[in-house]
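S.K.: One-letter residues, chain by chain:
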Amino acid sequence: MTARAAITGVGVVSPFGLGRDAFFDGLAAGATAVGPIRSFDADSFPTAVAGEVPLPVIDPDALIAELGARGATRAAAVVEPLARGGALRDRKIAFGLLAAAEAWRHAGLGDGAGDRAAHLVLGLGLEQAFLDDFAPIFAGGAIRWDAEPGAPLPPTRFRTPVDACARACHRLLGLTGPTVVNASACAAGALAVAHAAALIARGTADVVVCGASDSMVNPLGIGGMSRLGAPSPRRAPDACRPFDRRRDGLAIGEGAAVFVVEAEGRARARGARALATVLGAGSTQDAYRATAPRPDGAAAAAAIARALARAGLAPADLGYVNAHGTGTPLNDPAECRALHRALGDHAARVPVSSIKGAIGHLMAAAGAIELAACVMALTRDLLPGTAHHRERDPDCDVDVLGPAPVARAVAHTLSNSFGFGGQNAAVILGRAS
Amino acid sequence: MSHAVGIAPVTIAAWALRTPLGRDVDRVIARLCAGERAARPNPHPGYRCAAIAPIVEVPAASRHERYVSRMGLHGMQAAIEAFAASGLAAGPRLGVFAAVGGLRASWADLLPAFRDQRDDGAGAWARGLGAIHPFWMLRHLSNNAHALLAGELGARGDGATYAGATAGAAALAGAARALQAGSIDAALVVAYDSLLEPETLVELGERRAAWCGGPGVDPSAAPAPYQDDAAGAIPGEAAAALVLVPAARDGLARLRAVDGADGDREPRAASLARAIARLGAPAAVIDGAARAWPDLDAAERAAVAAAVGDDAMLTATTAALGQLGAATAVVQAITLAAALRRGTIPPIAGLRAPSPGPLALPARAVATRATAAIGLSTGVPGLVGAVHVEVAGGP
Chain P
44 MTARAAITGV GVVSPFGLGR DAFFDGLAAG ATAVGPIRSF DADSFPTAVA
94 GEVPLPVIDP DALIAELGAR GATRAAAVVE PLARGGALRD RKIAFGLLAA
144 AEAWRHAGLG DGAGDRAAHL VLGLGLEQAF LDDFAPIFAG GAIRWDAEPG
194 APLPPTRFRT PVDACARACH RLLGLTGPTV VNASACAAGA LAVAHAAALI
244 ARGTADVVVC GASDSMVNPL GIGGMSRLGA PSPRRAPDAC RPFDRRRDGL
294 AIGEGAAVFV VEAEGRARAR GARALATVLG AGSTQDAYRA TAPRPDGAAA
344 AAAIARALAR AGLAPADLGY VNAHGTGTPL NDPAECRALH RALGDHAARV
394 PVSSIKGAIG HLMAAAGAIE LAACVMALTR DLLPGTAHHR ERDPDCDVDV
444 LGPAPVARAV AHTLSNSFGF GGQNAAVILG RAS
Chain V
6 MSHAVGIAPV TIAAWALRTP LGRDVDRVIA RLCAGERAAR PNPHPGYRCA
56 AIAPIVEVPA ASRHERYVSR MGLHGMQAAI EAFAASGLAA GPRLGVFAAV
106 GGLRASWADL LPAFRDQRDD GAGAWARGLG AIHPFWMLRH LSNNAHALLA
156 GELGARGDGA TYAGATAGAA ALAGAARALQ AGSIDAALVV AYDSLLEPET
206 LVELGERRAA WCGGPGVDPS AAPAPYQDDA AGAIPGEAAA ALVLVPAARD
256 GLARLRAVDG ADGDREPRAA SLARAIARLG APAAVIDGAA RAWPDLDAAE
306 RAAVAAAVGD DAMLTATTAA LGQLGAATAV VQAITLAAAL RRGTIPPIAG
356 LRAPSPGPLA LPARAVATRA TAAIGLSTGV PGLVGAVHVE VAGGP
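If you read the sequences in order, they're chains P and V.
Just so you know, we're using the numbering used here here: the first sequence kicks off at 44 and counts up by one.
Just so you know, we're using the numbering used here here: the second sequence kicks off at 6 and counts up by one.
Because the hints were derived from the structure by calculation, they are not lab data.
Keep in mind it's a predicted model, so treat the numbers as computed, not measured.
Note that beta-carbon positions come from the ideal geometry of N, C-alpha and C, so glycine has one too.
Hints are supplied without guarantee of correctness; some may be wrong.
[Stated by the list, open to error] Partial selection, computed: residues in chain V whose CB lies under 7 angstroms from chain P:
(1) Gly-133
(2) Leu-134
(3) Pro-203
[As the list claims (entries may be wrong)] Reference listing, derived: stretches of chain V covered by chain P, where coverage requires no fewer than 3 residues with Cβ under 8 angstroms from a Cβ of chain P:
(4) 139-151
(5) 181-195
[To be verified] Rough simulated footprint, nothing fancy, chain V against chain P, three-plus residues with beta-carbon under 8 angstroms:
(6) 130-138
(7) 215-229
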């Protein structure tokens, strides 16, 4: 009932490119991948920059080839129906497939029944609505749904099912285990990994494929967020400036990070290399407001404290904090207060950074890709920097790393994820034994 | 594999629901046992899907209307009602676990954005997207009802929102895990879904997953599931909430749940059988997924019979309530527990000539001394959720 969860595989699709190496190398270089949106015409939008995966169009043949290069033997059987049905217009499906295939191969898993019995727990964002599907049935100021049957539309119409990416990943890997979709907004990815670790710890599963994929880089996603006022109005690569005194909003990003998590003993027995261990996780709810975090950070601090307790660690054991760090006026100081509440004096000493300035806010996938950044910290002994953080804010009085990464070996990392409406998650990783 | 077979139970302390057959649990059970069907003609005659099972009641007026859609409000209000009935206190030891079917967007909200769009998407913001309501995004976030509910009640413990066809079972399983880990003292589980949004009805009709009937055909004549002439399910909608506490406490029933068993490389029956096996608890009454297509139904019956024996009773509350998507598992937990407490198993509404096969299929309500039942819910393709409820001593 207390098996430890080891991460044995990592797959990433990020604004730096395809693959974990592109992601790690981008962070290691202190680079920025936020730039002008290319996948649709965003010139007229208030938000014209994003952390966009450098695939303006998801080409089915190219996707099949990329998946094949990652060892996926069922790529064509999975991708071709998605392409025929129009589902690949939802970019997060392709991102999830690529990340899952990479993680599976990285872990050295195969086609045996034991591997295929893996559970799948994915954090996913909103269903994507397809504006172009409505044109044939829009008439006289209304949508004529009853006119639709004869319209020349693809089988996936109007929107993708919320679990479409999970279904596709399940088929791609040929899994037979249970599938769960976590839709807890920006905390979904972290909660998916926490869920996986709990399944391992309880002995419910031996192997779990977990993580998250999301893309809101589409007209309704960017448009809806713009109307909400969340993105920075700046139309420049430094739109998102976490913890900086001048911060004025987030940059939207897209991508995926998927992990293979398995019982440490199983990984050892099959000779797999453990990259990190999931030591503890905690979740709480602010119970405060729909549109703002709890300013005192009390509930977020409780999530961090719970993660520490489950990991059996003291605050001083933490060597690095990957912050939620959205770069919005309200989030960053609330998160710093949470760190002070949870970590006490150590909050002023532990290095803190946010990678959202570099790649944007990946929404449902944010917690997952930020855990991947923690894996980099543990395996490369390199703490990612905070892109575009230059002017210290007295309201954010923690040790925020600047844009450059810092070489340092740490034993334990904390990753925070705070979702819409006050959904808090904290996950602690440890160096693999 | 070293999977622990068998799921530890938790206790149901309170419940509430909103269904096409009403919101009072005892009254809903009475109507189920009377064989009532909630199906009514689809008021939009151009749809292939011929019948729907809607919730007639509208949600109470709420200050949250600007953030949450109709079904989210139904879910919140059922949850608040269930929590009040539990008599428990909110705070940092109360968790909230939610299940939603998906976006189910209210497309009418987007009409101003669609009106002047060009096919190539050029100038989309100026052509209408800039006119969408600032809260449009909030209204369509997957966890909006969850977040607002936590705030309304002051629930600050663990929480998560699950999505998809079997999200209800996932939310129940997630809540049970948190209770058993000791991180919370009580969990409020809320599930809501509607399959009656226009695009869903269009899709279900085109795939023939929904009963399409014919011109002027009365929905009450729709063939029931598990008949040779079954030709699709009736889309429905529901919201339901449970308050769960640790198994050591007394309550309305014991509950076990498993989430999302699946199998793409094998027959669906294998997924069903594995889900029942993972529950690790016996039951002689099954509430089937009842997809209402002969091949799917036959596979389900074979799998259920293999798992629990040929003599078990197979009913289908969805024949009366309609298919309820992500809300199914939570509604099943309530209706099955309430039926067992009453000592009566509801019939398969509309069942006239069941297909040959294993299991006893009730055409009328059946008195029972059974104390345990299993509810199955399936999505497309192959996802399975399963709940097991057990009451003390029967009627």
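S.K.: Now tell me if each hint is right for this structure.
M.R.: Verification of the hints:
Checking Gly-133 (chain V) against chain P: minimum C-beta separation of about 9 angstroms lies over 7 angstroms; hint violated. For Leu-134 (chain V), the interface hint holds, since its Cβ comes within 7 angstroms of a Cβ in chain P; the closest pair sits about 4 angstroms apart. About 4 angstroms separates the beta-carbon of Pro-203 (chain V) from the nearest beta-carbon of chain P, less than 7 angstroms, and the hint is met. By the rule of at least three residues with a Cβ nearer than 8 angstroms to a Cβ of chain P, the coverage given for the stretch 139-151 of chain V holds, with 11 such residues.
With 3 residues having a Cβ less than 8 angstroms from any Cβ of chain P, the stretch 181-195 of chain V passes the three-residue criterion, so the hint holds. Using a Cβ-Cβ cut-off of 8 angstroms, 0 residues of the stretch 130-138 of chain P lie near chain V, which falls short of the minimum of three, so the contact claim is violated. With a cut-off of 8 angstroms between beta carbons, the stretch 215-229 of chain P has 12 residues touching chain V; three or more are needed, and the interface restraint holds.
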